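Residues per chain are reported as follows:
There are 2 protein chains.
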Amino acid sequence: MNAPASHLDALIDALRRLPGVGVKSAQRMAYHLLQHDRASAQRLASALQAAAEHVQHCRRCHGLSETPLCGICADPERDARQLCVVEGPADLAALERTGSYRGLYFVLKGRLSPLDGVGARDIGATELLERAADGQVQEVILATSFTAEGEATAHVLAQALKARGLQVTRLARGVPAGSELEYVDLSTIAHALVDRR
Amino acid sequence: MNAPASHLDALIDALRRLPGVGVKSAQRMAYHLLQHDRASAQRLASALQAAAEHVQHCRRCHGLSETPLCGICADPERDARQLCVVEGPADLAALERTGSYRGLYFVLKGRLSPLDGVGARDIGATELLERAADGQVQEVILATSFTAEGEATAHVLAQALKARGLQVTRLARGVPAGSELEYVDLSTIAHALVDRR
Numbered sequence: 001m002n003a004p005a006s007h008l009d010a011l012i013d014a015l016r017r018l019p020g021v022g023v024k025s026a027q028r029m030a031y032h033l034l035q036h037d038r039a040s041a042q043r044l045a046s047a048l049q050a051a052a053e054h055v056q057h058c059r060r061c062h063g064l065s066e067t068p069l070c071g072i073c074a075d076p077e078r079d080a081r082q083l084c085v086v087e088g089p090a091d092l093a094a095l096e097r098t099g100s101y102r103g104l105y106f107v108l109k110g111r112l113s114p115l116d117g118v119g120a121r122d123i124g125a126t127e128l129l130e131r132a133a134d135g136q137v138q139e140v141i142l143a144t145s146f147t148a149e150g151e152a153t154a155h156v157l158a159q160a161l162k163a164r165g166l167q168v169t170r171l172a173r174g175v176p177a178g179s180e181l182e183y184v185d186l187s188t189i190a191h192a193l194v195d196r197r
Numbered sequence: 198m199n200a201p202a203s204h205l206d207a208l209i210d211a212l213r214r215l216p217g218v219g220v221k222s223a224q225r226m227a228y229h230l231l232q233h234d235r236a237s238a239q240r241l242a243s244a245l246q247a248a249a250e251h252v253q254h255c256r257r258c259h260g261l262s263e264t265p266l267c268g269i270c271a272d273p274e275r276d277a278r279q280l281c282v283v284e285g286p287a288d289l290a291a292l293e294r295t296g297s298y299r300g301l302y303f304v305l306k307g308r309l310s311p312l313d314g315v316g317a318r319d320i321g322a323t324e325l326l327e328r329a330a331d332g333q334v335q336e337v338i339l340a341t342s343f344t345a346e347g348e349a350t351a352h353v354l355a356q357a358l359k360a361r362g363l364q365v366t367r368l369a370r371g372v373p374a375g376s377e378l379e380y381v382d383l384s385t386i387a388h389a390l391v392d393r394r
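Residue numbers (my numbering), protein chains in the order written: chain Y, 1 to 197; chain F, 198 to 394.
Hints are computed from structural coordinates only; laboratory data are not their basis.
From a predicted model like this one, the values you see are computed outputs, not experimental measurements.
Note that the Cβ used here is the ideal one computed from N, Cα and C, for glycine as well.
Just so you know, not all the hints are guaranteed correct.
Pairwise CB distance ranges, derived in the manner of DEER restraints [claimed, not checked]:
1) F:Lys221 - Y:Asp13: 19 to 27 Å
2) F:Glu250 - Y:Leu186: 53 to 61 Å
3) Y:Lys162 - F:Asp382: 28 to 36 Å
4) F:Glu250 - Y:Gly22: 53 to 61 Å
5) Y:Leu171 - F:His388: 35 to 43 Å
6) F:Pro216 - Y:Leu186: 37 to 45 Å
7) Y:Asp13 - F:Pro265: 47 to 55 Å
8) Y:Leu186 - F:Arg294: 44 to 52 Å
9) Y:Leu186 - F:Arg367: 47 to 55 Å
10) Y:Arg102 - F:Asp313: 43 to 51 Å
11) F:Arg299 - Y:Ser187: 32 to 40 Å
12) F:Arg367 - Y:Thr67: 53 to 61 Å
13) Y:Lys162 - F:Ala291: 54 to 62 Å
14) Y:Leu193 - F:Gly217: 34 to 42 Å
Heads up, simulated BS3-like pairs for lysine-lysine below, C-alpha to C-alpha not over 25 Å straight-line [claimed, not checked]:
15) Y:Lys109 - F:Lys359
16) F:Lys221 - Y:Lys24
17) F:Lys359 - F:Lys306
18) Y:Lys24 - F:Lys306
19) Y:Lys109 - Y:Lys24
Given the sequences, and given the hints that come with them, work out the whole structure.
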């Protein structure tokens, strides 16, 4: 290597921790920042520190917020009878972008993953049950992923929520918008057929 | 969105500046760091600052170094008669990993890109000509990319270096190791045929 470069190696290591970044990408990022774009390196460092300092978890939905109560939870126009459960802030953002949901949210800390030792308590199931029992929530919409782990999470949460007398629904499964039927996988078509309306 | 989140947006913007990172990846990284892994966010911020502070450009090869003269340039065992010209530190690292080059390097600031207004002076051609005229360098090996821009860069540099009486070579083009001939593109095979040995 060009240098003993302990600081360079430390930077590459830290960049590798980002989701979706492997060794090659991390090296490319580090070289780019240091060789060509030191202003961006400084900017990223400051942005990381400012965000870590100011962005907290909303005390009600546990999503990201710069205030103790996030904008959605604080909005009196949102329908407090609906509570949509998502795996993380990215899913919440995706749902918000659709503009077709006016209820509130609860943000889990990921999804169940028994093989990695991630159980219901780790993802915030206790807080969800507490939140859903506020007396206002009538329907809990489970919007976890449609993967094996997301489905398992939805199943476990549905049982616990139903046991508390709450109405529990799940996002519809079906053919994605813009799809040609012949290219859609069979399990999706089967679900779309069962859930036809 | 879940929050007015100006600090979150600033972080997403800063992450987007990384090479190969689009909006979606930047959002995913920001959400991951803030929701699940604040320790990594802090670590990355510190690593960026430490690297920006300590990693400088070697005064001789212009590569990345934590000392005024990098490890390679300072190594008396390296062959000062050979000077390998690369587009950036990543290429230098790749060549070093091969373990088959014992000469010195010169690191350009990228490659010529006339459409973006990047000319010979911007990539450090002047410094290269100065460096190559140290009296010790006998052969300049042009190891810029085998893309249109990399080839143009090699061509321009070769002319200037030859005009100063230096021997100029280029990395061999040919069939990559491990390739089956029928899957190699025709231009590569044509080059390999011309440069057969």
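A quick look at each hint next to the structure:
no.	hint	verdict
1	F:Lys221 - Y:Asp13: 19 to 27 Å	24 Å, holds
2	F:Glu250 - Y:Leu186: 53 to 61 Å	56 Å, holds
3	Y:Lys162 - F:Asp382: 28 to 36 Å	60 Å, violated
4	F:Glu250 - Y:Gly22: 53 to 61 Å	26 Å, violated
5	Y:Leu171 - F:His388: 35 to 43 Å	54 Å, violated
6	F:Pro216 - Y:Leu186: 37 to 45 Å	39 Å, holds
7	Y:Asp13 - F:Pro265: 47 to 55 Å	25 Å, violated
8	Y:Leu186 - F:Arg294: 44 to 52 Å	46 Å, holds
9	Y:Leu186 - F:Arg367: 47 to 55 Å	53 Å, holds
10	Y:Arg102 - F:Asp313: 43 to 51 Å	46 Å, holds
11	F:Arg299 - Y:Ser187: 32 to 40 Å	58 Å, violated
12	F:Arg367 - Y:Thr67: 53 to 61 Å	60 Å, holds
13	Y:Lys162 - F:Ala291: 54 to 62 Å	57 Å, holds
14	Y:Leu193 - F:Gly217: 34 to 42 Å	40 Å, holds
15	Y:Lys109 - F:Lys359	62 Å, violated
16	F:Lys221 - Y:Lys24	20 Å, holds
17	F:Lys359 - F:Lys306	21 Å, holds
18	Y:Lys24 - F:Lys306	20 Å, holds
19	Y:Lys109 - Y:Lys24	29 Å, violated
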